[in-house]
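A.B. asks: In this text, residue positions in the sequence shown follow this note's numbering: the first is 1, and each later residue adds one.
Everything labelled a hint here was simulated from the structure, so no lab data went into it.
Take these hints with a grain of salt, some might be off.
As the list claims (entries may be wrong) - Calculated lysine-lysine pairs in the DSSO-like style (CA-CA distance at most 27 Å, straight line): (1) 306 <-> 251; (2) 82 <-> 306; (3) 251 <-> 270; (4) 82 <-> 305; (5) 304 <-> 82; (6) 140 <-> 251.
All of these numbers come straight from a predicted model, not from anything done at the bench.
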Amino acid sequence: MERSLAWRPKPTNANLTSMKIRVTVFFLLANAFLFAQQNPLVIPLWENGAPGFEHLRGEPEQAKDYWVKNIHNPSLIAYLPKAEQANGAAIVICPGGGHEKLVITSEGHRAAQYFADLGFAAFVLKYRLFREQASPYQPKHATEDGIRAMRLVRSRAAEWGVDPQRIGIMGFSAGGELAAWVSFADPSKNGVNENDSEETDEVETVSAVPNFQVLIYPGPLAVTETLGETPPPAFLLAANDDECCSEPILKLAMMYRSANVPVELHLYAKGNHAFNMGGRSELQSIHSWPDRLQDWLLDNGWFKKKD
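Starting from the given sequences, assemble the full structure and let the hints guide the process.
C.D. replies: This is the structure in structure tokens:
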């Protein structure tokens, strides 16, 4: 008589034990991976707090839903790729939020995970907010945070398996303004608060100049008077119906062209503002915009796809 397709040999105690071990190991590994994703490495930009504001570093942040604010101890949240996926490049990501809060989920964590999946070492920057109510900060303090973030990542490049000549910066909206300020800053400036001592730490001796920058619907303050001495190659993207943040990329593109510095511009017909990494949009062009960024990164040699 033929056996039913559903027939299985009766499991032995040894088989059951082996199966339980495999299942246990699977769940342990899965939980460890989930823990790593939910509890990424947090790196303060300064060991003792931001120069001149060290007394505020212990004040807790405020977070709800998709945002975080009340940032007094600026930091980087590291999303490091799996060893077999690492491509040697890194990127610092500046979320938007009008300098009143940080849209940390969709313009920080999700963007970082996207890059980590490509093999980048990705770092979400929690920077100080000068438009938050009763804020003691000014735009220069956010810029100091961005400059320090670039220095910190480059200073620890070897530790994270990163090529120090392939470190970029990315910003959304207000974070795009910050990314531009960092990219166009005078490289001779150390970027620390004037109240800091003359003796700076070793991180301050490292270059803060990004090797490339990515500006996604950057705010109008991204358009500075000049591009500085060493503007990095740029990828610029926005939607034409974005009332606040489509014009800045057009102006920046013209400045780049005049300076004869490589630039790529994407202006979509529709999409408005704050479409983040595109996943929520019903527009195919917006939904797939990260593919255009990946093309640019590949074409310009910032990374190579793993086989």
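A.B. asks: So if I understand the rule, the pair passes when the alpha-carbon distance is 27 Å or less; does residue 304 with residue 82 pass?
C.D. replies: Given pair residue 304, residue 82 holds - Cα atoms ~15 Å apart, limit 27 Å.
A.B. asks: Residue 251 and residue 270 were given as a pair; does the straight-line alpha-carbon distance stay at or below 27 Å?
C.D. replies: Roughly 19 Å separates the two Cα atoms, so the pair holds.
A.B. asks: For residue 306 and residue 251, compute the direct alpha-carbon distance and say whether it is at most 27 Å.
C.D. replies: Between residue 306 and residue 251 the Cα gap is close to 36 Å, so the pair fails against 27 Å, i.e. violated.
A.B. asks: Next pair to validate is residue 82 with residue 306; report whether the Cα-Cα distance is within 27 Å.
C.D. replies: holds (12 Å)
A.B. asks: Decide if the proposed pair is consistent with the structure: residue 82 and residue 305, CA atoms, cutoff 27 Å inclusive.
C.D. replies: Holds: residue 82 and residue 305 sit about 14 Å apart, inside 27 Å.
A.B. asks: CA of residue 140 to CA of residue 251, is that 27 Å or under?
C.D. replies: holds (22 Å)
Hint 1 from the earlier list is the only one contradicted by this structure; the remaining hints agree with it.
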